[in-house]
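Here the structure of chain A is known, so what remains is to put chain B in place on it, guided by the hints.
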Amino acid sequence: MPDSSASDTSLYEQVLLEARHLGKRVSAPDGDLILLQDIDLRLAAGASLAITGPSGSGKSTLLGLLAGLDTPSSGEVWLGGKPFSALTEDARARRRGELCAFVFQDFHLVGDLSALENVMLPLELQRAPDSAQRARAWLDRVGLGHRTGHFPATLSGGEQQRVALARAFAVAPQLLFADEPTGSLDHANSARVRDLLFELNRETGAALILVTHDAPLAERCERHLCLDEGRIREQSAPVRRSRP
Amino acid sequence: MRTLLRPWRDPSFRLLAAALAIAAFALGAMILLRAELEARFAVRTAEALGGELVLSGTHAPTPEQRTLAARVRQAEVVDFSTVLVRGDDLLLVSARAVDAAYPLAGTLEVAPSRFAPAAARTQGPAPGELWVADQVLDRLGVIPGDTLELGNKTFIIDAVIRQLPDEGAGFYGMSPRVLFHRDDLAATGVLAPGTHVDYRLLMSHAIGVDLDSIAAALRPGLRPDQQLEDIADAAVRSLGPLRQLTLWAKLAVLLISLLCGAAIHLATSQRVARRARLAGLLRSFGASRRQVIGRLLGREFAAVLPAVALGSGLGIALVAVLRTLLDWQQRWAGTATDWLALALGPLLLWFGFALPRLASLVRVPALVVLRQGGQPRAAAGGLELAAALTVPVLLAGLLTDSLADLGALLLLVAALGALLPVVLWPALKALDIAGSRLPLAARLALRRLGRRPALTLPLLAALTLAMAVLTLSGLVGTRLLDDWRTKLPARAPNHFVLNLFDADRDAYHAWLDAQHAEGQPLYPTVRGRLTSINDVPMRDAVTKENARSERALNRDLALTETAQLPRSNRVTQGTWPTRGDGVSVERELAENLGLVLGDRLQFVTSRGTLDARVTSLREVDWDSFEPNFFFMFAPGALAGEDITWLTGFWLPPDGPAGRTAALLQELPHITLLDVHALLARAADIARQASRATALLAALLMFAALLVLAAALQGGQVERGRDNALLRTLGGEQKLLRQIAWIEFLTLGGCAALGAVLIALAVLYPLGSRLGIALPLGSPWLLLPPSLAALVAVAGVAASRRALRQPTLTLLRHGSA
Chain A
1 MPDSSASDTS
11 LYEQVLLEAR
21 HLGKRVSAPD
31 GDLILLQDID
41 LRLAAGASLA
51 ITGPSGSGKS
61 TLLGLLAGLD
71 TPSSGEVWLG
81 GKPFSALTED
91 ARARRRGELC
101 AFVFQDFHLV
111 GDLSALENVM
121 LPLELQRAPD
131 SAQRARAWLD
141 RVGLGHRTGH
151 FPATLSGGEQ
161 QRVALARAFA
171 VAPQLLFADE
181 PTGSLDHANS
191 ARVRDLLFEL
201 NRETGAALIL
211 VTHDAPLAER
221 CERHLCLDEG
231 RIREQSAPVR
241 RSRP
Chain B
245 MRTLLRPWRD
255 PSFRLLAAAL
265 AIAAFALGAM
275 ILLRAELEAR
285 FAVRTAEALG
295 GELVLSGTHA
305 PTPEQRTLAA
315 RVRQAEVVDF
325 STVLVRGDDL
335 LLVSARAVDA
345 AYPLAGTLEV
355 APSRFAPAAA
365 RTQGPAPGEL
375 WVADQVLDRL
385 GVIPGDTLEL
395 GNKTFIIDAV
405 IRQLPDEGAG
415 FYGMSPRVLF
425 HRDDLAATGV
435 LAPGTHVDYR
445 LLMSHAIGVD
455 LDSIAAALRP
465 GLRPDQQLED
475 IADAAVRSLG
485 PLRQLTLWAK
495 LAVLLISLLC
505 GAAIHLATSQ
515 RVARRARLAG
525 LLRSFGASRR
535 QVIGRLLGRE
545 FAAVLPAVAL
555 GSGLGIALVA
565 VLRTLLDWQQ
575 RWAGTATDWL
585 ALALGPLLLW
595 FGFALPRLAS
605 LVRVPALVVL
615 RQGGQPRAAA
625 GGLELAAALT
635 VPVLLAGLLT
645 DSLADLGALL
655 LLVAALGALL
665 PVVLWPALKA
675 LDIAGSRLPL
685 AARLALRRLG
695 RRPALTLPLL
705 AALTLAMAVL
715 TLSGLVGTRL
725 LDDWRTKLPA
735 RAPNHFVLNL
745 FDADRDAYHA
755 WLDAQHAEGQ
765 PLYPTVRGRL
775 TSINDVPMRD
785 AVTKENARSE
795 RALNRDLALT
805 ETAQLPRSNR
815 VTQGTWPTRG
825 DGVSVERELA
835 ENLGLVLGDR
845 LQFVTSRGTL
855 DARVTSLREV
865 DWDSFEPNFF
875 FMFAPGALAG
885 EDITWLTGFW
895 LPPDGPAGRT
905 AALLQELPHI
915 TLLDVHALLA
925 RAADIARQAS
935 RATALLAALL
945 MFAALLVLAA
955 ALQGGQVERG
965 RDNALLRTLG
975 GEQKLLRQIA
985 WIEFLTLGGC
995 AALGAVLIAL
1005 AVLYPLGSRL
1015 GIALPLGSPW
1025 LLLPPSLAAL
1035 VAVAGVAASR
1045 RALRQPTLTL
1055 LRHGSA
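One line per chain: the protein sequences are A and B, in this order. The first sequence begins at 1 in my numbering and counts up by one. The second sequence begins at 245 in my numbering and counts up by one.
Only chain A is shown next, with the shape it has when bound in the complex:
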């Protein structure tokens, strides 16, 4: 059994996210279905982790638990050095809004908000000052400064994902969750979004958890976690980074 213990983070690296003996089971007509079992991992601030595995291995379930979008059946998640999974839903949402951001395969932009308003949305939720200026700046950064008033229906898939990236990074997250960010894009757009994602991640210093089938995307992460039937099949060691 691969060592799934969280011992591969040096003491001087700040642990941003930690999962301890995480498990998830659901009721099914013919008995309980175990989606995840005994998941342990640690993620340092600024690190990147790719979660891979065949379909049905539990990747999205694990992402949901780590992001506080779901509650584990066993184990716990700590975020920013504090218990996370044990919080109430509202408290998790609050903490998530303060520290995390998301990029989805289907972009999940709000159809009746313009590009600018979509990027402003999480800023408004956080009651951030100057949300419009910040949003505009991030749209410029992703190359869509000239499309601020356009609605998602008039944007291509690649452009929508870039708006989603702007929305994610505009809140200056400490941790970015990306669920198949290139899954709905063609080859050229995938490459562009891939590059942009890691470029922005490097610039902001956010940690990154990436669920993907995209091998080139996964290879750009420092660590890999491979799931199979709800368990960690393989976990690569982190690339040691010297403390700045």
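Derived by calculation from the structure, the hints in this document are not laboratory data. Heads up, some of the hints might be wrong.
Stated by the list, open to error - Computed cross-link-like contacts, SDA-like style, restricted to lysine to any residue with a CA-CA straight-line distance of at most 25 Å:
id	chain 1	residue 1	chain 2	residue 2
1	B	K978	A	G111
2	B	K673	A	E124
3	B	K978	A	L87
4	A	K82	B	Q977
5	A	K82	A	A128
6	B	K397	B	D332
7	B	K673	B	E962
8	B	K397	B	D456
9	B	K673	B	L699
10	B	K673	B	P683
11	B	K978	A	E124
12	B	K673	A	S114
13	B	K673	B	R696
14	B	K978	B	R1044
15	B	K978	A	Q126
16	B	K673	A	F151
17	B	K673	A	A132
18	B	K978	A	A128
19	B	K978	A	R147
20	B	K673	A	R147
21	B	K978	B	G679
22	B	K978	A	E89
23	B	K673	A	G111
24	B	K397	B	Q367
25	A	K82	B	E976
26	B	K978	A	A86
27	B	K397	B	D333
28	B	K673	B	L969
29	B	K673	A	T148
30	B	K673	A	T154
31	A	K82	A	D228
32	B	K978	A	T88
33	A	K82	A	Q174
34	B	K978	A	R94
35	B	K978	B	D676
36	A	K82	A	Q14
37	B	K397	B	A370
Chain B alone, transformed into the frame defined by chain A:
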């Protein structure tokens, strides 16, 4: 079978099916009830007329006219005033000579003696027999078996008349009634040139002969003194409970159908959204458009048929129960056309409100299977709008023979319902734009409403229509019930008294007190004859002679004065005369005499002439249990005339026999009319009408609730996705609840505003059509704001499901 049951798992389909079932129930019940009521109306009117076709005139029908009438069932009646003699006593009576075929329609009820129970008879008196009203016995002190002289002939009193089928509560035949055989008329010798006589040839249908053809053949040969009346002409002009109910019921059923149509449209939209992927999948498998139509639309249609059948079956069952309760023993009045309409009506709703939407599934491209969340292109807006406007007209055609009854009102409601969202939409957009300065929750809620026209507009239109309909239903229903209650209070007068003199009033009131009877106000009446119009003698002034104008021309009328418009009267032109020489004229008589406002009339009374000027025309409910008059003068106009008093009273039914006889003995010169039977029948009709109104109100409410449910169901998926995204981005439950409250309060508030505007716009034309006053200041107009609050509460409660949706669903929708 499984294929037909599968759609029932979808809540949208269940809602659609419920809407169709309710519409089928309402439409089916109304179509059959309309047929039953129209048949009853026809019977009732035929009874009131004496036949289905009546030829009346001041001279006997010609031999040619008799020959034409001989092809159908017929009876002949001769009415005139004459004097009965018993020794030294004389009594003025209204005599009627009838032949062996009388009565053609309705029931003749007579009793063997003064206080014996009555029994129905199918024929009038035999030659030599005289049937008399109670008052004749009282006035002349005779009993059945005694003889009376009428003209040159002596008759034997054989029976006491309790009810003649063709006599209503009108007050122009005030003398006691006597009936004898036509064969005895010549022997009486009472008819001489110049005698005022009313000849009536009554006709009813016969197998194989169309009465309309008889009428068409008779019309060209009518003399100036003759009039031909059928049941359509003589249909109850006054808006009695049955007629008001029928009109309101038709409109209510149409509105129920429209509401159900709105619910069907909303539910179908949700259904289409869910089936779009399947449609695309079928196309990706190579299915042709025809195959998609067959598989999706065809099965959809087949799956709704059980709901339609259930609703229609319940409608038929309701009518069957009503027929049993009301003891309608004739065979079902519904024609083949009615049964066809019953089957087609609900299907029209499906074709009009569901099919255009479902048709969009045929246009879903195969590409949607490759794209997540693909939606079908919207149905052609023009087709949907055309269907939405056409279906109500077709339904109105099924429910009524004449679109004039309902068409105008319906178009008004539909037009307002369609236009209002167009008017309110800019307001919503303006709120969205102005909302940038509002707090976050309000901003997000208004954006959600203002930027989704495909969701918001149908919802707004449906809610507006539902609220408007409920408000109008409450307004109309309560006014109709009030109207019927005031017309027929629990102690409506069951007797009427005429020819009371001033000196009799104390004795009359004393008798009322002794009998614990409740008296009505006394109307002063003067006998007068109309002699000229605008200084032109009557004979020259009136070119159209018919029964009504004949009565006005050639006989003394009861004239009265009063300061207040009686309840059973409604001024249709001019103003009520409150002083001076003003007179108010009954509308139909005015038409027959060619009278208009400002015309000068002259009457001759026992004291001389009486001049007046027409200041108003009135619609009179002759079926009301109140004294009514053709001419009503301003107070003081009859000062100096020989006045008698007319009034009514309610006598407790369970008292000793002979009470009224005692009154007649004390005041032998008065005329006393007993209207018990008519009152009982009218009260029963009003009771049934009230129950029917309550049923209609309940159906309207169910239909409106369906619309609300469909409206709330619609947009739940989008709302759930929005909420999941907001939660993912850090939004708390409190924020999501605030957004839901603001969204639904705004929606409900706009719908309430629209509903109040629609109700106000429709008030006057609707009230005018139903013959009731619908006040602007009614508390029912507060219903829409209350409903807006209900919409908000219901909307937030329904959204709780979306609020509780796990945010993980968002990830799962997006994951590989």
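Hint consistency between K673/B and R147/A [alpha-carbon to alpha-carbon, up to 25 Å]: holds (22 Å)
Pairwise hint evaluation, G679/B against K978/B, where the allowed Cα distance is 25 Å at most: With Cα atoms ~20 Å apart, K978/B and G679/B stay inside 25 Å; holds.
Hinted pair K82/A and D228/A, Cα distance within 25 Å: Judged against 25 Å, a Cα distance of about 29 Å means the pair is violated.
Distance restraint between K397/B and Q367/B, which requires alpha-carbon spacing of 25 Å or less: Holds: K397/B and Q367/B sit about 21 Å apart, inside 25 Å.
Holds or violated: K673/B to T148/A, with C-alpha atoms at most 25 Å apart: OK: K673/B and T148/A at ~20 Å, within 25 Å.
Hinted pair K397/B and A370/B, Cα distance within 25 Å: holds (14 Å)
Pair hint outcome, K82/A versus E976/B [Cα-Cα no greater than 25 Å]: Holds. K82/A to E976/B sits at ~19 Å (cutoff 25 Å).
Hinted pair K397/B and D333/B, Cα distance within 25 Å: Holds. K397/B to D333/B sits at ~16 Å (cutoff 25 Å).
K82/A paired with Q174/A [C-alpha distance capped at 25 Å]: Holds, because 14 Å separates the two Cα atoms, which is no more than 25 Å.
Restraint check for K673/B with F151/A, where alpha carbons must lie at most 25 Å apart: holds (16 Å)
Pair hint outcome, K978/B versus E124/A [Cα-Cα no greater than 25 Å]: holds (15 Å)
Pair hint K978/B and L87/A, alpha-carbon separation not exceeding 25 Å: Cα-Cα ~16 Å, so holds.
Going down the numbered hints, you'll see the structure goes against 8, 19 and 31, while the others check out.
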